[in-house]
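Chemist: Residue strings, one per chain:
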Amino acid sequence: MSETRAAGFIEEAAASQKEGSRRLVVRPARAEDVPALAGLLVRLKRLNEEFDPLLKVRTDAEPQAAKVLELGMKDPRMLILAGEGTGPDQGRVVGVARAALRDRIFYTPETEGVILDIYLLPAYRRKNMGEYMLAETVRLLKERGAGIVTAEFPAQNQIAVRFYAKRGFRPLNSIHAKIL
Amino acid sequence: MVEVLPRSRPGVEEGRKSDQEIEEARAREAEEETRGLSERAVDLARYFAGKIEVIPKVPVRSLKDFSYWYTPGIAEVSREIHRDPELSFELTGRWNTIAIVTDGSRVLGLGDIGPEAALPVMEGKALLFKYLGGVDAFPIPIRTKEPNDIIETAQRLEPALGGINLEDIASPKCFHILDELQRSLSIPVWHDDQLGTAAATVAGLLNALELTGRKIWQTGIVLLGAGAANLATARLLKALNCDMGALTVVDHKGILQSEREDIDELMLRNRWKYELALTTNEARTHGGLKEALQGADVLIAASTPKPGMIKPEWIQSMAPKPIVFALANPSPEIWPDVAKAAGAEIVATGRSDFPNQVNNSLIFPAVFRGVLDAHARGIPDLLALEAAQELARHAKVKGLTKDHLLPTMAEEGVFPEVAAAVGIKAVELGIARKKRTREEFLQLAQARMARPKELTQVLMKNGLLPPMPGQEVV
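Note that the protein sequences, when read in sequence, are chains H and D. Take any residue in the first sequence, note its place counting from 1, add 127, and you have its number in this note's numbering. Take any residue in the second sequence, note its place counting from 1, add 48, and you have its number in this note's numbering.
Think of the hints as simulated: they come from the structure by calculation, not from any bench. Cβ coordinates follow ideal geometry from the N, Cα and C atoms, glycine included. Wrong hints could be hidden among the right ones.
[What the hints assert, rightly or not] Label-pair restraints from in silico Cβ distances:
hint	chain 1	residue 1	chain 2	residue 2	range
1	H	P180	D	D67	37 to 47 Å
2	H	I232	D	D429	58 to 68 Å
3	D	T485	H	R294	28 to 38 Å
[As the list claims (entries may be wrong)] Below, simulated SDA-like cross-link-like pairs (lysine to any residue); rule was C-alpha separation at most 25 Å, straight line:
hint	chain 1	residue 1	chain 2	residue 2
4	D	K221	H	P180
5	H	K305	H	L182
6	D	K388	D	L257
7	D	K301	H	K305
8	D	K221	H	Q283
Here chain H stands alone, though its shape is the one from the complex:
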């Protein structure tokens, strides 16, 4: 993705914020972002762990996350975005979005954009920044050919259920699990 295009993602004074001026710049992830992005991904997985014991986080989750992110950045079918802070967090990565393009073999639309992870540090929540991050992700997935967008998250995560429901998402597939 070119720099000019990335600049286009910069959001100017989005929602007016009561608690300070913290805003988010969403841009494609760069190699140097990987450690910070991996940290955020692990935070998200730890949050998932709170919802379900079947989502117990591995001890090597952080290097795993770094690997997945590095591979993802090279994969044209993957989308990795970094949310950069402003103000005191200028230049610091405070959010992550990870999505994939998948083919639907039996259904139309044939290309599905799957949102795998969206995570923001708490100081950036409740300011429509999550919504902005989602909108950017969806926009880029659509740009790359997705005709339908889905989001994967733990069934017990009511926060995510509400977040997506509010934005027009509804349950599509269920994944049921049993420990062996």
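Assemble the complex: chain H is given as a structure, and chain D must be docked to it using the hints.
Modeler: Then chain D, alone, in the frame of chain H:
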């Protein structure tokens, strides 16, 4: 918080022991003191088998009088209340009756000991309510730990009650339970471990700030401990226009800040603490108490203390003339002489044998006296603040000094004043079913708070209350 404490104070250990050893010895000594009391308390509990009882408040000249007090006459009273349930505040004792509701999940320092084991504590609290506040309080420990069951039980008790005091319910569920009951009921609901302690703390703090020439919106405050008391203190401080960005909360995991490892867990399990993480510590200080105290003006410790958890050199690193409230009982987080030697200008504790006792008994009897006399529909935080401010004002009557931040329990004249301030505030806020003037509130409170003491004296004098058996230990 313990309301009744031994008079003797632990001596300063001599010799060349380390600070840590000295601290531990003092903590042990403080526990020793309570041990003697404990044995006696068990003997007395066995002897008296209960601390409160129901006695008539109407004359019974003969059984004929029961035609008024009971059937057939009483049916008309019921009919009137049936037409207007609000009349239950006028025609019955509802206006002065509260329940002390607990699930026994965090009793004193004993932890989760269950409802039966909580009963003696609730009886003691009921006695305090009666003796200090003239309030008829019924101990109601209930057999459930489920927050929603506790809420439902309290809701179902509402018709009999003029108010509810939640007691010794574990944090963080106590926050949800209090919020939900305050929202859903039309009687005052109070959680003393939160609001009683917080209001007494704030009262002391206001005077400490005044004595050291500080304004609350320019003061850097550190809260050590993030349980019921300190989270409520934070809430009251916010209402007082405290600079929340300059407030730092420290718990057993260190300084609370929005990027701490456990922040998402807090979001799910303790949203009150999560909110604080987002709104406090604007400088995003990391680390522990040591880092938090550097340059801070005030330390308010309401924690599970460990001997030596506050190092004197950390007090030295605070701003000039620092204020230290070390509220744990029986061993404060730092002993007053140690804090003073390290430069603390003003020190308060939870103990009655040191100056400046921050004691919830300074607050809760008066707050309930005030709201009950107003037949209040609720008890917003503004009433707790009003009580704190009135208490702080009255400390000045005897003269505000570093060792007299707050009235003591012995300054009995203060409490009806606090009750009157709460009552009139309830009227101002439009939540009083019974509108009275300040003078009326004051006179009622004076009479109603004096009566139980007089009654006890009379009953003791004529032998209807048996004398204390055995030897005193205090």
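Chemist: Could you check the structure against the hints above and give me the numbers of any it violates, in ascending order?
Modeler: 3, 7
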